[in-house]
Amino acid sequence: MQYVLQAFQTALEPYNILVMILATGAGLLMGMLPGLSATMAIALLTGLTYNFPTQTALIALIGVYVGAISGGCQSAILINIPGTPASAATALDGHPIAKRGEGGLGIFLATTASMCGTLISVIFVLSFTPVLTKFALKFASWEFFLIAIFGILICGQLTSNGNAVKGWISGILGLIVSMVGLDVVDTFPRFSYGNVNLMGGIQLIPVMIGLFGFPEIVKAFKRGNNSDAAPMSSFNMKKGWALVKEHWWPIIRSGIIGVCVGIIPGVGEDVGGWLSYWTSKNTSKDPDSFGKGNELGVISAETGNNSCIGGAIIPVLSLAVPGSAPAAVLLAAFYMHGYRPGPLLMSETPDFIYRVGIYLALAAIVMWALALVISRVSVRILSLDKRILMPIIYVLCVIGSYLINYNLFDVKVMFVFGLVGIALSNFEFPASPFLLGVILGSMADQNLRRGLRLSKGSLLPMLQRPICIVFLVVNILMILSQTGIFKPLMAKLRKTK
Amino acid sequence: MKRILTLVLALVLVASLSVCAFADYPDKAINLIVPYGPGGTTDLTARAIANGMSNFLDVTINVNNVAGAGGSVGTLQVENGKNDGYTILANGMLALTTMPVNGYSEKTYRDWDIWLATYAPNAIVVPANSPYQTIVDLVEDMKARPGEVTFGTAGIGSGGHFGAETMKAIAGADYSHITYAGGGPAVTGILAGEVDVCPQLLAETKDLIIAGDLRCLAVLSEDDIEIAEGVVCPSITKYYPEEAAAYVPMGEVTGIAVPKGLDESILAKLDEAFAYAAVQPEVADFCNLKSFTLMPMTREESQTFLDSFTSKACYLLWDAEACANDPADFGIER
Amino acid sequence: MTKKLKDFVFSIVLILLGIYVIVESLNIYHKAAEKPYKITQFTISPGFLPFLLGIALTLTALILLASSFRGEKIGEALGNRKTEFVAWTKTAFNADFLNMTIGCVLMFIYTFFLVQLLPFWLASIIFLVAMFLFLRIGKPWKAVVLAVLVVALIVLLFKYGFGAAMPE
Numbered sequence: 001m002q003y004v005l006q007a008f009q010t011a012l013e014p015y016n017i018l019v020m021i022l023a024t025g026a027g028l029l030m031g032m033l034p035g036l037s038a039t040m041a042i043a044l045l046t047g048l049t050y051n052f053p054t055q056t057a058l059i060a061l062i063g064v065y066v067g068a069i070s071g072g073c074q075s076a077i078l079i080n081i082p083g084t085p086a087s088a089a090t091a092l093d094g095h096p097i098a099k100r101g102e103g104g105l106g107i108f109l110a111t112t113a114s115m116c117g118t119l120i121s122v123i124f125v126l127s128f129t130p131v132l133t134k135f136a137l138k139f140a141s142w143e144f145f146l147i148a149i150f151g152i153l154i155c156g157q158l159t160s161n162g163n164a165v166k167g168w169i170s171g172i173l174g175l176i177v178s179m180v181g182l183d184v185v186d187t188f189p190r191f192s193y194g195n196v197n198l199m200g201g202i203q204l205i206p207v208m209i210g211l212f213g214f215p216e217i218v219k220a221f222k223r224g225n226n227s228d229a230a231p232m233s234s235f236n237m238k239k240g241w242a243l244v245k246e247h248w249w250p251i252i253r254s255g256i257i258g259v260c261v262g263i264i265p266g267v268g269e270d271v272g273g274w275l276s277y278w279t280s281k282n283t284s285k286d287p288d289s290f291g292k293g294n295e296l297g298v299i300s301a302e303t304g305n306n307s308c309i310g311g312a313i314i315p316v317l318s319l320a321v322p323g324s325a326p327a328a329v330l331l332a333a334f335y336m337h338g339y340r341p342g343p344l345l346m347s348e349t350p351d352f353i354y355r356v357g358i359y360l361a362l363a364a365i366v367m368w369a370l371a372l373v374i375s376r377v378s379v380r381i382l383s384l385d386k387r388i389l390m391p392i393i394y395v396l397c398v399i400g401s402y403l404i405n406y407n408l409f410d411v412k413v414m415f416v417f418g419l420v421g422i423a424l425s426n427f428e429f430p431a432s433p434f435l436l437g438v439i440l441g442s443m444a445d446q447n448l449r450r451g452l453r454l455s456k457g458s459l460l461p462m463l464q465r466p467i468c469i470v471f472l473v474v475n476i477l478m479i480l481s482q483t484g485i486f487k488p489l490m491a492k493l494r495k496t497k
Numbered sequence: 001m002k003r004i005l006t007l008v009l010a011l012v013l014v015a016s017l018s019v020c021a022f023a024d025y026p027d028k029a030i031n032l033i034v035p036y037g038p039g040g041t042t043d044l045t046a047r048a049i050a051n052g053m054s055n056f057l058d059v060t061i062n063v064n065n066v067a068g069a070g071g072s073v074g075t076l077q078v079e080n081g082k083n084d085g086y087t088i089l090a091n092g093m094l095a096l097t098t099m100p101v102n103g104y105s106e107k108t109y110r111d112w113d114i115w116l117a118t119y120a121p122n123a124i125v126v127p128a129n130s131p132y133q134t135i136v137d138l139v140e141d142m143k144a145r146p147g148e149v150t151f152g153t154a155g156i157g158s159g160g161h162f163g164a165e166t167m168k169a170i171a172g173a174d175y176s177h178i179t180y181a182g183g184g185p186a187v188t189g190i191l192a193g194e195v196d197v198c199p200q201l202l203a204e205t206k207d208l209i210i211a212g213d214l215r216c217l218a219v220l221s222e223d224d225i226e227i228a229e230g231v232v233c234p235s236i237t238k239y240y241p242e243e244a245a246a247y248v249p250m251g252e253v254t255g256i257a258v259p260k261g262l263d264e265s266i267l268a269k270l271d272e273a274f275a276y277a278a279v280q281p282e283v284a285d286f287c288n289l290k291s292f293t294l295m296p297m298t299r300e301e302s303q304t305f306l307d308s309f310t311s312k313a314c315y316l317l318w319d320a321e322a323c324a325n326d327p328a329d330f331g332i333e334r
Numbered sequence: 001m002t003k004k005l006k007d008f009v010f011s012i013v014l015i016l017l018g019i020y021v022i023v024e025s026l027n028i029y030h031k032a033a034e035k036p037y038k039i040t041q042f043t044i045s046p047g048f049l050p051f052l053l054g055i056a057l058t059l060t061a062l063i064l065l066a067s068s069f070r071g072e073k074i075g076e077a078l079g080n081r082k083t084e085f086v087a088w089t090k091t092a093f094n095a096d097f098l099n100m101t102i103g104c105v106l107m108f109i110y111t112f113f114l115v116q117l118l119p120f121w122l123a124s125i126i127f128l129v130a131m132f133l134f135l136r137i138g139k140p141w142k143a144v145v146l147a148v149l150v151v152a153l154i155v156l157l158f159k160y161g162f163g164a165a166m167p168e
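Residue numbers (my numbering), protein chains in the order written: chain A, 1 to 497; chain B, 1 to 334; chain C, 1 to 168.
The hints are simulated quantities; they were obtained by calculation from the structure and are not laboratory data.
Note that the structure is a prediction, hence the values are computed from the model and not measured.
Some clues are possibly wrong.
[Unchecked claim] Beta-carbon label-pair distances, calculated as ranges:
#, chain 1, residue 1, chain 2, residue 2, range
1, B, A268, C, I109, 38 to 46 angstroms
2, B, A324, A, A369, 54 to 62 angstroms
3, A, N426, C, T43, 34 to 42 angstroms
4, A, R100, C, A95, 27 to 35 angstroms
5, A, L460, C, L156, 53 to 61 angstroms
6, A, T54, B, D271, 28 to 36 angstroms
7, C, K35, A, I479, 20 to 28 angstroms
8, C, F42, A, S289, 42 to 50 angstroms
9, A, L460, B, D271, 57 to 65 angstroms
10, B, V232, C, F42, 42 to 50 angstroms
11, B, A128, A, S458, 22 to 30 angstroms
12, A, L460, C, F112, 18 to 26 angstroms
13, B, E321, C, F42, 55 to 63 angstroms
[As the list claims (entries may be wrong)] To be clear about the criterion: a stretch of chain B counts as covered by chain A if any three or more of its residues have a C-beta under 8 angstroms from a C-beta of chain A, and this derived list gives those stretches:
#, segment
14, 173-183
15, 191-198
Cβ coordinates follow ideal geometry from the N, Cα and C atoms, glycine included.
Using the sequences and the accompanying hints, generate a full structural model.
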């Protein structure tokens, strides 16, 4: 308890408050701008804070992490371009809400949900770190492979407006794209045609910017199509709070799902958002309203991706193994400031875990306040004349693609995937499963083959692991449910009840 | 209006160009390319040294992570980029010196000016509940079941892979190579008990050894290493002095590098800055934390060190038939 | 384009792509079986998952193709697709299409040439001015001033705010 008080004291020093506000603000801004991901925000700030006092640097890094994951929702809602891959699920319902003219409400809900998600995850960090670490170690190669497939199946089903095959095709295409480059297991150059840049693999961020940003930008070139956004009606906070209160249970549920997804090493914020969205849709009385501007969709997705933050930090603290890409950078920063996350943390620096927890919680609250202030401006900026806005966004897309690896090749990749994005949207294929395929492809590939190599090519071990069997059954049911065999069966079941 | 603007633009352009041409090095920010993702050992070492050098040179040093293709993308970006002293590379020498035999580049370590900073040994570790109590148990089992014992590493050409190849050479029997996406996942793999042995760098498993989750059978350095009060990792030379002699010390050596051909005045500046950075207390603290040996070397010393190091690393791969080109083709002697 | 025509065209493209991926993955398998990889077992070869994905893509694309024929005989379906296609070509190449193409070409020039050759700020100013003029947002001087302001802001934010290096 004394540690908690100490942490509060440090955080509430005026200088540290200022740093937290600046860092969280910078994080929000980077999260909002398409193509500047949370990973990059933390990596850039790590360099800047090298010479800061340790506690101040921690506050800055945690602030920017929370800000960047949460900021992505604003551009997702207002212009349908997710600011970070994690907020792709938010755009699904968020943009329709903005089109109704309730962008302010959408942002309020997303931001509040983000705050709740982070706070829920803090509770888990502070109370269950040792138990949850054991849970994380239950996942080995086969489980990872099945989770990757599971993620793509649910994302494909969610985004495809009734024809799941189209969503899955999009997911398969994404997986194929992720095969490009040196493979992780044998460093064999696949689909690289001798090009070193291709051997390095297709970077995620340029693909995301291309797929989501490009179609929206090109749409702006149509003459006389610049007034599709309804005028923003002012929103009142009471309605927002009422909605949040009404959905208290989905918030907690999504939070727990997010924490669990975050803990599993290698699966991060992106999957957390989709999984909690899927759960909310499937347990809802009115699943058809999802994707058309259902407030609950926004709330679940944002709670889910933000609670991954705490989840991803848990294995960082207890094992020094990061649960997601931004958490990996955070781990590096901890090392640089002389902390030694891992099994010795509790005996060497017992205050550290409480400090991280308290800083996270405070960052969430600061983020909430700042985001609402920023949203007043961003609503206005992002509803500017699209003919002015979109070329500027394209310049940002170019710089964002470049900065992820300081490589101009990635800028070309962005353009190519922009054309793919246009093709997908014209032929009515959802882009989100494609993106998730690129994110999860390497995970699926290396874990499948590692598993097979460990078992000398036998698939049997998959059936001997309890978590595997659960995922396997769910995956098969999901595929069958779309093939027409399932529906009459369900109908029969209902009748007999 | 339009004309004035064009004029102003042209003037600014000319001015910025002329400033670049006439100035003492360094007069603008230096980009330090790390060819791996942030958070790895190369990245952390690079950042610690970059900080010292930046204080000495009084310019910003931006650390840019250009990950991909096992370090090749970033390295080639420096190799093929403008060689003006404003783009420098920080890399592990296992990756840099084996690039020609792996077919990623025509250039060898002799085409670079290199300053070496740290040495990090491999540690052969097993889970706490493993049947292997000593390194002898492991070697005997490898001999009894060739190709069956599983080694989890961070991938082909990683520090762990060289550790595994060294064990193979010592035991005279093959192993089953299970690769992960990086050092972190490989450590998770050994913790979860998915593989039998993890031969990654000591820095990556140190804390888990101290905590008792993993057991260190041997380190591939010449001497024993005490990583904490009463926790000593025995050197492999204790058990296999003859067999190991040719390979020890094995591990990752990290440093910074620029392609040959820079002006001597710029190189001299970098010499000084590097020497200054390597003795900063932060760097020493960091090395201590990670059990790295700090061994700053000048350019000439580094080349001499790399002569034997490169030969060792390249022939380990070549003899294991794990690389495409013969080291002899690049003038690398056995 | 009607929905059925879209599905028809795209599924054929996908089937071709799927077949390419299958062929290429078998190539990968053969190459990986040689030195220095020597991976002769197909299930652990780097070509394994690409092969599965190629199969999955071809299968799902076939399902899509079949569903685009639903309720029609194959012969008459092909006839219908043909008339739909002819109808589409008559309406597709309108002013909007032209504008979007020009816009894409401008972005292409910016991405593949200007940014690669010129310093970032100069390339971006040229691109933004060209874009603003093309989209007719107002007088030329307005476009120039706006472009310079925006680029200055972006460079300030990234280079000095976040300490990131810009392309040169």
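task: Given the range 54 to 62 angstroms, decide if the beta-carbon distance of A324 (chain B) to A369 (chain A) lies inside it.
output: holds, 58 angstroms
- prompt: Is the distance from the Cβ of R100 (chain A) to the Cβ of A95 (chain C) consistent with 27 to 35 angstroms?
  reply: holds, 29 angstroms
task: With 18 to 26 angstroms as the target window, see if L460 (chain A) and F112 (chain C) comply at their CB atoms.
output: violated, 50 angstroms
Verdict on chain A covering the segment 191-198 of chain B, where coverage means 3 or more residues with a C-beta closer than 8 angstroms: holds (count 4)
task: Determine whether the Cβ-Cβ distance between K35 (chain C) and I479 (chain A) falls within the hinted range of 20 to 28 angstroms.
output: violated, 40 angstroms
query: Does the Cβ distance between N426 (chain A) and T43 (chain C) fall inside 34 to 42 angstroms?
result: holds, 38 angstroms
field: Supplied distance hint 28 to 36 angstroms, evaluated on CB atoms of T54 (chain A) and D271 (chain B)
entry: For D271 (chain B) against T54 (chain A), whose Cβ atoms are near 32 angstroms apart, the range 28 to 36 angstroms holds.
message: How does the segment 173-183 of chain B fare against chain A when you require at least three residues with a CB closer than 8 angstroms, holds or violated?
response: holds (count 5)
query: Given a hinted range of 55 to 63 angstroms, is it respected by the beta-carbon distance of E321 (chain B) and F42 (chain C)?
result: violated, 21 angstroms
- request: Given the hint of 42 to 50 angstroms, check if F42 (chain C) and S289 (chain A) actually sit that far apart at their C-beta atoms.
  value: holds, 46 angstroms
field: Range hint 53 to 61 angstroms (beta carbons of L460 (chain A) and L156 (chain C)) holds or violated
entry: Since L460 (chain A) and L156 (chain C) have Cβ atoms about 60 angstroms apart, the given range 53 to 61 angstroms holds.
field: Whether the CB-CB distance between V232 (chain B) and F42 (chain C) falls inside 42 to 50 angstroms
entry: Cβ of V232 (chain B) to Cβ of F42 (chain C): about 46 angstroms, so the range 42 to 50 angstroms holds.
This entry does not satisfy hints 7, 12 and 13, going by the numbered hints stated previously.
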